[in-house]
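The numbering used here applies: residue 328 is where the sequence shown begins, and numbers increase by one.
For the record, the hints were derived by calculation from the structure and aren't laboratory data.
Hints are all accurate, no fakes.
Here are the computed lysine to aspartate or glutamate pairs in the EDC-like style, where the Cα-Cα straight-line distance is at most 16 Å:
#, residue 1, residue 2
1, LYS446, ASP379
2, LYS329, GLU452
3, LYS333, GLU452
4, LYS330, ASP451
5, LYS397, GLU419
6, LYS330, ASP379
7, LYS329, ASP379
8, LYS333, ASP451
9, LYS362, ASP393
10, LYS333, ASP379
11, LYS333, GLU371
12, LYS330, GLU452
13, LYS354, ASP393
14, LYS362, GLU392
15, LYS329, ASP451
16, LYS410, GLU400
17, LYS333, GLU370
18, LYS354, GLU392
What follows is a list of derived Cβ distance ranges for each label pair:
#, residue 1, residue 2, range
19, ALA351, VAL406, 27 to 33 Å
20, TYR367, ILE428, 18 to 24 Å
21, GLU392, HIS440, 19 to 25 Å
22, LEU364, GLU402, 22 to 28 Å
23, LEU436, THR332, 25 to 31 Å
24, GLY437, MET407, 45 to 51 Å
25, LEU346, GLU404, 33 to 39 Å
26, VAL456, GLU400, 33 to 39 Å
For glycine and all other residues, C-beta sits at the position ideal for the given N, C-alpha and C.
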Amino acid sequence: MKKITKAVFPVAGMGSRFLPATKASPKEMMPVVDKPLIQYAVEEAIAAGITDMVFITGRNKRAIEDHFDKAYELEAELVMRGKEELLRILREVIPAHINCIYIRQTEPLGLGHAVLCAKPVVQDEPFAVI
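Starting from the given sequences, assemble the full structure and let the hints guide the process.
Right, dumping it as structure tokens:
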């Protein structure tokens, strides 16, 4: 059996059940203690050996991409101020060996369609849906 290295995160939903909290911020970015919810899901995937995170996004989900992107200016500021522990935490958000791929679901056609949007990336390989 081939090792699973890709996980699909269908995060395109509107979050209407969490309104008004999700009006301006995606439900996946809602904090649980000190991290956004999606961070816990990605950490679980990494712990399971997943290296390619495929996020199926929709409108108003830019915060997810920003969260998993490098923050060069913030890192430079933390280095300049000697904030080593905060720098370590920031760099652990997404380890260097992890690939984040974002695919836009142009219409809200449900979970099955969201997973199908990942086909160009996962192709015929086994994958997880988280």
